[in-house]
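Novice: Going by the numbering used here, 64 is the number at position 64 of the sequence shown; the sequence numbering is gapless.
If you're looking for bench data, these hints aren't it; they were derived computationally from the structure.
There may be inaccurate statements among the hints.
Quick list of in silico lysine-lysine cross-link-like pairs, BS3-like style, CA-CA up to 27 Å [as the list claims (entries may be wrong)]: (1) 106 with 311; (2) 238 with 380; (3) 234 with 177; (4) 311 with 238; (5) 177 with 380; (6) 234 with 311; (7) 238 with 106; (8) 297 with 311; (9) 234 with 106; (10) 238 with 297; (11) 177 with 238; (12) 28 with 234; (13) 380 with 311; (14) 380 with 290.
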Amino acid sequence: MLREPESFTTFLDSLRRFVHERLVPQEKQVAQSDEVPDDVVRDMAEQNMFGYSIPEQYGGLGMTTEELVLAAMELSQCSVAFRARVGTNTGIGSEGLVADGTPEQKQRYLPELSSGRMTGSFALTEPEAGSDATALQTTARREGDHYVLNGTKCFITNAPIADLFTVMARTDPDNIKASGISAFLVERTTPGLTTGQPYEKMGQAGSPVSEVHFDNCRVPASNLIGGIEGMGFKTAMKVLNKQRIHLAALCIGPAIRMLDEAMEFVGNRSQFGQPLMNFQLIQAMIADCKTDIETAKALVLQTARERDEGKDVTMNASICKYFCSEMCGRVADRCVQMFGGYGYIADFGIERFYRDVRLFRLYEGTSQIHQLNIARLTLKNAGFEPGR
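Starting from the given sequences, assemble the full structure and let the hints guide the process.
Specialist: Here it is in structure tokens:
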């Protein structure tokens with residue numbers, strides 16, 4: 001749903017200029033330094049990028065799902081590091097608080113997240129609980145007016161720089177099901193919370209990721225999201241259902257950028273006495289890329305609109321994430337192929353995108369997990385009860 005289509009079009013035009021004039025020129029520096037410069041972070045904060053989906057009453061823009069995915073398609077047409085720097089605030093790191101937080105929790109933290117004064121992070125995955133998230137082993141034991149957290153989280157985006165963590169932990173050690181899990185807001189300065197060394201990754205330079213450790217970490221009971229035990233997994237699923245649509249949109253921007261750069265290359269490079277773009281096999285790859293991108297756009301926009309209408313988009317969110325992440329990988333592979341040997345050389349940048357987008361098929365649920373989810377829900381909707 002677009003609340004004010006004309007003004008939102010103006011917003012997108014402004015965002016597009018900011019991406020191409022301010023962020024794209026910084027890509028090489030970010031790749032070399034493995035961090036987003038502070039002055040760029042400040043400029044992104046001034047653009048209210050940290051608060052896209054946070055309600056207006058807390059300083060955000062209160063975007064609808066459709067508005068958020070349209071903005072994501074523009075913002076992601078540059079290095080993924082810029083999107084990742086703000087993405088945990090405007091997405092996975094704030095959505096649990098927006099969805100289920102108490103009024104006091106929202107008032108305390110959402111203005112800090114929407115302004116970028118605090119960086120959020122979402123801590124669900126563990127060494128022994130990845131795709132099987134309900135198997136998490138981090139515990140939260142009630143002691144008076146505090147909970148004591150113990151455990152380790154892994155692959156946590158922005159953990160090395162985060163100020164506030166949304167943490168899933170088991171409050172009922174005798175309940176191994178989802179209903180034994182609760183969600184907490186944990187500030188970085190809380191004694192007992194530490195983060196590991198940032199991982200050395202294949203791609204996504206500038207987006208720090210690490211483990212998070214809780215060693216008798218005492219968290220005020222007032223930081224239990226929603227004030228109710230046992231609701232944490234439901235909160236996590238609300239977060240992930242929206243985030244999967246958001247991430248699907250974030251797969252579209254890089255695909256657009258890669259195709260644009262590939263067309264620029266084949267339009268200006270000649271072989272056998274003519275531009276590469278004249279060869280039909282090159283044209284076939286361009287056609288396949290364009291078809292993939294436009295199909296992804298239609299799917300994501302339709303699902304976003306359905307979510308805004310209050311419809312259950314659990315399965316379609318999985319379809320979006322599965323299709324769009326795989327689509328982006330296909331586009332990356334074709335575009336490197338169109339560049340030929342130059343696609344393997346760092347000077348051209350296409351190899352960086354090729355490495356960066358590989359992660360899309362792994363986080364927020366692997367492609368294989370989404371295949372299983374989609375099949376299970378499709379069978380269930382047809383009246384069948386599939387086994388595991």
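Novice: All hints, please: hold or fail.
Specialist: Hint by hint, here is what the structure shows:
1. 106 with 311: 25 Å, holds
2. 238 with 380: Between residue 238 and residue 380 the Cα gap is close to 20 Å, so the pair holds against 27 Å.
3. 234 with 177: 12 Å, holds
4. 311 with 238: 13 Å, holds
5. 177 with 380: 21 Å, holds
6. 234 with 311: Holds: residue 234 and residue 311 sit about 17 Å apart, inside 27 Å.
7. 238 with 106: 17 Å, holds
8. 297 with 311: 19 Å, holds
9. 234 with 106: This hinted pair holds, its Cα atoms lying about 18 Å apart.
10. 238 with 297: It holds: about 22 Å lies between the C-alpha atoms, which stays within 27 Å.
11. 177 with 238: Roughly 17 Å between the alpha carbons, so the hint for residue 177 and residue 238 holds.
12. 28 with 234: 40 Å, violated
13. 380 with 311: At roughly 18 Å apart (the allowed maximum being 27 Å), residue 311 and residue 380 satisfy the hint.
14. 380 with 290: Answer violated: residue 380 to residue 290 is near 34 Å, above 27 Å.
Hint check: violations occur at hints 12 and 14; the rest are consistent with the structure.
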